[in-house]
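Asks: In case you want the letters, here they are:
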Amino acid sequence: MTSLFSINNLAVAFHTDRGELNAVRGVSLELNSGECLGVVGESGSGKTVTWRAAMGLLRGQKVKITGSVRLRDRELIDLSAEELRELWGTEIAMVFQDPMTALNPVRRIGSQFSEALIKRLGLSKEDANIRMLELLRMVRLPDPKSLIRKYPQQLSGGMRQRVMIAMAIACKPSILLADEPTTALDVTVQAQVLDLLGDLRKELSMSMVIVTHDLGIVAGYSDRIAVLYAGEVVELATTTELFANTRMPYTQALLNSIPKLTDSPGSPMQVIEGAPPDPVLVTTGCFFAPRCQYATDRCRAEHPDLVDSGDGHIYRCFYPLGKGK
Amino acid sequence: MTGLGKEHLRQASDALLRVEDLVVEYKTGRGDMFQAVAGVSFDIMPNETVAIVGESGCGKSTLAKGVMQLLTTKSGKVVLSGVEITGLGKEELRQVRPNMQMIFQDSIASLDPHMTVSQIVEQPLKVWGRGTDQERKEKIEDLLKSVNLDPDVVGNRKSTEFSGGQCQRISIARALALEPKLLVCDEPVSSLDVSIQAQILNIIREMKNRYGLSLLFISHDLAVVRRISDRIVVMYLGKICEVLTPDQSLSPAHHYTQALVLAVPMPDPTIRRQRAVLDGEPPSPMYPPTGCRFRTRCAAMTTICAEQEPQLREVSPGQFVACHHPIV
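Chains A and B, in that order, give the protein sequences. Anchor point for the first sequence: position 225 equals 225 in this note's numbering, and the numbering is continuous, going up by one each time. With positions in the second sequence counted from 1, the corresponding number in this note's numbering is that position plus 1000.
Note that these hints are calculated values from the structure, not bench results. Misleading hints may appear alongside valid ones.
Straight-line Cα separation of at most 30 Å, BS3-like style, residue types lysine-lysine; simulated pairs [unchecked claim]:
no.: 1; chain 1: A; residue 1: Lys260; chain 2: B; residue 2: Lys1208
no.: 2; chain 1: B; residue 1: Lys1158; chain 2: A; residue 2: Lys62
no.: 3; chain 1: A; residue 1: Lys150; chain 2: B; residue 2: Lys1208
no.: 4; chain 1: A; residue 1: Lys260; chain 2: B; residue 2: Lys1065
To spell it out: a stretch of chain B is covered by chain A in this simulated footprint if at least three of its residues, at any positions, have a beta carbon under 8 Å from a beta carbon of chain A; those stretches are [to be verified]:
no.: 5; segment: 1025-1039
no.: 6; segment: 1218-1227
A few chain B residues that don't get close to chain A, going by computed Cβ distances all over 12 Å [stated by the list, open to error]:
no.: 7; residue: Arg1094
no.: 8; residue: Gln1119
no.: 9; residue: Val1127
no.: 10; residue: Tyr1211
no.: 11; residue: Tyr1287
These numbers come from a predicted model, not from an experiment. Yeah, the Cβ is synthetic: ideal placement off N, Cα and C, and Gly gets one too.
Build out the structure end to end from the sequences listed, making use of the hints.
Replies: Encoded structure:
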């Protein structure tokens, strides 16, 4: 497999009134051609910031980004806004969690959609219209002709997310980045949208990144999963390997906190007590140690490095689960 | 009107809450009326948790607001501890309110950003003139501790400094300040991370046991609901389609419940995931299908489904279904 997109030692810090906020602390990830990568973590784990920084969406004086981001052989980190804009849509496209804020509420769907096609692909108004209807059909929206005359708030959350997906695939991107694409949706609609993303990925031979807080969502769709905690990768493996041989106590705790249909009714939920560390404070030791039931003095004193257990399964723990079997 | 069905209701004298044939109407921008809740009956026993499950737009939140009398109900009865609250005047209703409290999905928005956490939790006590300053102070500390917040740390801070999960804890503490009998939870964990969701669900469970609460728990996620409730009511387009226990929830009799079960993501890649069984979205409640309201998305649909509205009937002990062709 060839690496299509790679993030190397990416660090993102925000300057805040309270001090330097380290949102991402040296993340390295690779996305192979045709692959679907799941990126999982709690709020504040840095999962969204990692990808926004990698796409060049975080700029300005209040943010400091270091490291390297490569698309094929091209370094993206120091590209200008104009150069980056050339890549958005055609190389990398993004679907956000909240389609309501991503769409303009005072313009009809058709007008904001076709504008993008006209400006970006240089299509005539008529051609843009035809292409737009075609794309809306691809995302299985019923009756696209009447849909394009509606305003975003007249559509349901699931329909809005489909419109966003249609817009994202308009320029046939190589990579589709979906950031919590189903978090605001009902379970039934969530299943539909995930199926749709999976189908489109095959049809358009795209690579895909799904960013989510729910391991259950990516279990059925991704090839590999990276688990982030406090701005670091703490475990990375193929999906089957990650579930079969979970090494990191944090990953295990995340899995346990998902309500499953196989759980016995009425039993208390297993929780991860406490909260992730404050990203402004400097912490020593393993970042997960204060919440980890297996933590020792070593975990509290020393920061673990990533360990490769062979076949690409890496984790960040001194006392990985399942070792010694 | 058909399809109401009350076979699933239990002895009225035992119930803490009894809702009968509740109808809530909304007016559209054009002035047309439609029924968001179209004749729903259910009851909650003391110290019982009843969950209402369904998709967006099925009327579950409207039902919760109707039960709370936060909006005007068109017809039907809501009886709380033997008192019919649907017919009460403004002041009489106010007197009943301390017995029923509610927490919401958007916990951050449901707290006043200008007030400190202590003030927020104290407010209901002040409004009702409960206790002296000292007693109230102790009560607040007690409540905050019970939702795992440290009163010394959080008391003087404002809600804007807290995350969604912490704000939900604060709203739970506020809702319990008046020691209600009924706590209505409208999607309390839907916008939270899975790890935080589990914490909040456990707190709700603890509070229920500590204060002997009855819960009306609204959610779209069957996996969550199975863990917390004693009885599950499945709603579709303003009506009840199935009533069942958590144990029965994996062998539902209604095709819609079945679809909800299959939609829950399995955190296990070795289980081959079924493709989404439900296509599209529910039809508009403005123009509900005749007969069975689910028929337009149901694989088992026949002509009778369009002609006759199914009634709720018991298919196994404690399991009631409104379907002409239930799954056996």
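Asks: All hints are to be evaluated individually against the structure, with a verdict given for each.
Replies: Evaluation of the provided hints:
1. A:Lys260 x B:Lys1208: Between Lys260 (chain A) and Lys1208 (chain B) the Cα gap is close to 22 Å, so the pair holds against 30 Å.
2. B:Lys1158 x A:Lys62: Given that 30 Å is the threshold and the Cα spacing comes to 25 Å, the pair holds.
3. A:Lys150 x B:Lys1208: Given pair Lys150 (chain A), Lys1208 (chain B) is violated - Cα atoms ~45 Å apart, limit 30 Å.
4. A:Lys260 x B:Lys1065: 29 Å, holds
5. 1025-1039: Answer violated; 0 residues pass the 8 Å Cβ test.
6. 1218-1227: Answer holds; 7 residues pass the 8 Å Cβ test.
7. Arg1094: 34 Å, holds
8. Gln1119: Answer for Gln1119 (chain B): holds, closest chain A Cβ roughly 24 Å.
9. Val1127: 32 Å, holds
10. Tyr1211: Holds, because the least Cβ-Cβ distance between Tyr1211 (chain B) and chain A comes to about 17 Å, which exceeds 12 Å.
11. Tyr1287: 15 Å, holds
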